[in-house]
Every structure is written in C-alpha cells, then in structure tokens.
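2 protein chains.
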Amino acid sequence: MRTLKYAILGLLNNEPMTGYDIGKEFSKDLGEFWNAKHSQIYPELKKLFDEGLIVYEIQISGEILEKKMYSITEEGKEAFLKWLKQAEPLEPTPKDVFRLRMYFSNHLDVPTRIHLLEHQLLQHQERLQHLRKNNERHQSIPPHDSVDFGDYFILDGAILRETVTIQWLENFIQYCKSL
Amino acid sequence: MRTLKYAILGLLNNEPMTGYDIGKEFSKDLGEFWNAKHSQIYPELKKLFDEGLIVYEIQISGEILEKKMYSITEEGKEAFLKWLKQAEPLEPTPKDVFRLRMYFSNHLDVPTRIHLLEHQLLQHQERLQHLRKNNERHQSIPPHDSVDFGDYFILDGAILRETVTIQWLENFIQYCKSL
DNA sequence: GTCACCATGTAATTCGTTACATGATTCA
DNA sequence: TGAATCATGTAACGAATTACATGGTGAC
Numbered sequence: 001m002r003t004l005k006y007a008i009l010g011l012l013n014n015e016p017m018t019g020y021d022i023g024k025e026f027s028k029d030l031g032e033f034w035n036a037k038h039s040q041i042y043p044e045l046k047k048l049f050d051e052g053l054i055v056y057e058i059q060i061s062g063e064i065l066e067k068k069m070y071s072i073t074e075e076g077k078e079a080f081l082k083w084l085k086q087a088e089p090l091e092p093t094p095k096d097v098f099r100l101r102m103y104f105s106n107h108l109d110v111p112t113r114i115h116l117l118e119h120q121l122l123q124h125q126e127r128l129q130h131l132r133k134n135n136e137r138h139q140s141i142p143p144h145d146s147v148d149f150g151d152y153f154i155l156d157g158a159i160l161r162e163t164v165t166i167q168w169l170e171n172f173i174q175y176c177k178s179l
Numbered sequence: 001m002r003t004l005k006y007a008i009l010g011l012l013n014n015e016p017m018t019g020y021d022i023g024k025e026f027s028k029d030l031g032e033f034w035n036a037k038h039s040q041i042y043p044e045l046k047k048l049f050d051e052g053l054i055v056y057e058i059q060i061s062g063e064i065l066e067k068k069m070y071s072i073t074e075e076g077k078e079a080f081l082k083w084l085k086q087a088e089p090l091e092p093t094p095k096d097v098f099r100l101r102m103y104f105s106n107h108l109d110v111p112t113r114i115h116l117l118e119h120q121l122l123q124h125q126e127r128l129q130h131l132r133k134n135n136e137r138h139q140s141i142p143p144h145d146s147v148d149f150g151d152y153f154i155l156d157g158a159i160l161r162e163t164v165t166i167q168w169l170e171n172f173i174q175y176c177k178s179l
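Quick mapping for you: the protein sequence lines, in order, are chains A and B.
At position 157 of the first sequence (counting the first as 1) the number is 157 in the numbering used here, and the numbers step up by one without a gap.
At position 134 of the second sequence (counting the first as 1) the number is 134 in the numbering used here, and the numbers step up by one without a gap.
Errors might be hidden in some of the hints.
Claimed, not checked - Selected chain A positions facing chain B (in silico; Cβ < 7 angstroms):
hint, residue
1, E32
2, I64
3, K85
4, F104
5, F153
6, I166
7, W168
Unchecked claim - List of simulated lysine to any residue pairs, SDA-like, C-alpha gap at most 25 angstroms:
hint, chain 1, residue 1, chain 2, residue 2
8, A, K95, B, I60
9, A, K77, B, D109
10, A, K82, A, S61
11, B, K95, A, T3
12, A, K28, B, L100
13, B, K47, B, E63
14, A, K68, A, D21
15, B, K95, A, S61
16, A, K5, B, P94
17, B, K67, B, A36
What the hints assert, rightly or not - Among the chain A residues that face chain B by a calculated CB cut under 8 angstroms, a handful are:
hint, residue
18, W34
19, E78
20, L100
21, R101
22, V110
23, I114
24, L121
25, Q123
26, R127
27, Q129
28, D151
29, I154
None of these hints come from the bench; they were simulated from the model.
C-beta: ideal position from N, C-alpha, C; glycine also.
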C-alpha cells in the first residue's frame, strides 16, 4: 500500500524538511499511529525522488556537514491529495500481543493474571498522562484548515483509546480480585 | 518475537488440530487481535515440529486425503507457559492508515472530510454489531479457568474499542457539520 | 575534549501478504 | 456435475526492525 510514501509526502506537503526531521516527526504525536526508522526513511526518500514526487537541495551545516532539504513537487502534491481523498475498506484490527496473551489467560493462576494486568495498566496510565500533556498545547479546537487540526483530532482519538483500554484493564483486575 | 509461534502453541495447548483448523481459529474472535494466513501457518508448524514443541499424526479423510493432526509436546507446553507469564513493555501504538489520513485532513474540503468519516463510521458500526452478536454466546462471565474466559475477556475489550472509535468519529462528524 | 545530538546511509533478517500450485470431499 | 469447502504446501515480494557503519556540530 506504500503508506510510508504518503506519510512522507504529507509531511513534505506541509513544509520542506530533511530525512532526519521526518524521523523526528515520527517520534511526536504522529508516531502514535504511524512511524518509521531512519533505515526505512532514507531509502524511501530516494525512491520518491526517483519517482519525481520530491526534490532536494543540499544545505551545509557548519563547515562540512551536508543535509538534504527535501520538498514536494507539483506531481507529488497531486499524488498525495489523490491518496488523501480515498475512502478505503476497514483494515483488519491491528495485532496485539497482550490481548493474545489474555486470550489464553485461563492457563494462568489468578495472582499472575493480576500482576500482568496491573503491569499493563501502569504503562497505559503513563502513556495517557503523556498524551494529555501533549494535548495541553491545544487550548481549543484549532481551525479546521490549519496544520494543527489533524494533530488535535488524532490526539483526541489516542486519548479516548487509552482511556477505554484503562477502563477495560481496571474492570478485569477488579473481577480477578473478586475471585 | 515469534508471536505466531506462541499463538499456535496456545491453540494446540487447548486441543489437537490441523493447520487448516488453526487458520479457521484465526478467522473467529481470536482473529480480532492475532491472525495469520495458511501460507504462514504451515511453515511455522514445520518449524515448531523441528523444534520438538509439537508432533503430528496423519489422519485420512475419506479415501485419500491426508491431514496432519498436530498436538503439543511437554516441551511445547513449557515454552508456551513461560511465554504466557511474561510481563512485557508496552508495544508502540499500532499503525493506523485512517488516522494518518485524518492527521492530514486539513487539506480536505469539509464535505469530503465528512464523507470519509461517515464511510469509516459505517464500517465500524458493522464490526461492532458483529462483535456484539458473537458476544451473545456468553450469557455471563465464563469460569476464570475455562477456555471461554479469554474469549469473553478480549471480546469485551474489542467491543469497548469499537464503541469508543465510533464515539470519536461521531464527535468529529458533528463538529465538521457545524462548520 | 566529550557528550548529546545532528545527519545519512547500507545489510541482514524477520514478518507478513499475495500469488502460484495442487488435489480431495461433501452436499445439493 | 458443479460449487463450496477441506487440506497442504511453495515462491515472490513487500514492509519493517535491528545491526552495521560513518562522521560532523554545538554546547559545556
């Protein structure tokens, strides 16, 4: 599906940046639902360049260090917008190792079960706190045509998702403790 | 991480079955959070056999057709239980193309945005209905040491997840319509 | 000068999907 | 007799991670 392709085009459609910058974007909020390592980013950038969807300009940092500042071409913008408009069938639910484990949880003694659930709970609580902190940036809903809108939108979704996961875990911890 | 390995061991730990049966299990509730195609299952079974974690017995269906009925060995059970008890760090949030798209949604005109959201909403509503129907099987919480417990547990989680996703989508549709 | 970070690449391997390939059984 | 389903495999490809590899910049 070449999703990374469109993630990169989307970022470059907002502003020119380097491969390194793209990696940094993937470690922010965007990384909550799409990301890639630099070892995947650099080859993809090369591919997009070969396809004529992006161009670059070499900039010098300091005395020697070269960086490639990439920007999107007209052709790239078209490809991106075409992708963006597409209504696609629902993807299969993403894989989840923890839930797989819990599917087999009848083979665990109750204290171990509680331990695993609480361990998971703690981590989700931390993630939620982190997301909430990020969300403080947005005092209110950003203008629907601003770059911040998408960020707000998906951050809200991520927060809801964490909240409900926590609820689910707490529920089952409660139940296991009542056994 | 060899997760498929443990998914298969877990299934065979419940009862002996064929590769084909494993594939069918992945198309039921379990498939909501882990699955694999037969082209991945058969080679994995071979590998597990070579590792001494499972064995098989050839059965004849009808006149000619051979099927391999796999069962777990003692060694396999140990490996499975060791994996099952492990408390692991939170995995990164799974990738989600739709949310990636919405991250860039400021580049879409409002009607297209609403269309994409509603298209997604409809599909999630269908999935929720399907999950609810599956859940009817469980009149009440199954015994915590029965095979059904895990199924109930994760089905509940899947239903919560769909419910909150729908809520999130409806929220934003509402907002977009108010623009 | 050293440490965190900037910056860019390639190689090896694993995981997963799609396509290729074959054939039997069961039920209408 | 034809269609759906049972049943098992391999091959090619694509997506993603980990490891290998190198070197500059900036601030203390």
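We went through each hint and held it up to the structure:
| no. | hint | verdict |
| --- | --- | --- |
| 1 | E32 | 5 angstroms, holds |
| 2 | I64 | 35 angstroms, violated |
| 3 | K85 | 6 angstroms, holds |
| 4 | F104 | 4 angstroms, holds |
| 5 | F153 | 6 angstroms, holds |
| 6 | I166 | 10 angstroms, violated |
| 7 | W168 | 5 angstroms, holds |
| 8 | K95/A to I60/B | 34 angstroms, violated |
| 9 | K77/A to D109/B | 15 angstroms, holds |
| 10 | K82/A to S61/A | 35 angstroms, violated |
| 11 | K95/B to T3/A | 10 angstroms, holds |
| 12 | K28/A to L100/B | 13 angstroms, holds |
| 13 | K47/B to E63/B | 29 angstroms, violated |
| 14 | K68/A to D21/A | 10 angstroms, holds |
| 15 | K95/B to S61/A | 34 angstroms, violated |
| 16 | K5/A to P94/B | 18 angstroms, holds |
| 17 | K67/B to A36/B | 19 angstroms, holds |
| 18 | W34 | 5 angstroms, holds |
| 19 | E78 | 12 angstroms, violated |
| 20 | L100 | 5 angstroms, holds |
| 21 | R101 | 6 angstroms, holds |
| 22 | V110 | 7 angstroms, holds |
| 23 | I114 | 11 angstroms, violated |
| 24 | L121 | 10 angstroms, violated |
| 25 | Q123 | 4 angstroms, holds |
| 26 | R127 | 7 angstroms, holds |
| 27 | Q129 | 13 angstroms, violated |
| 28 | D151 | 7 angstroms, holds |
| 29 | I154 | 5 angstroms, holds |
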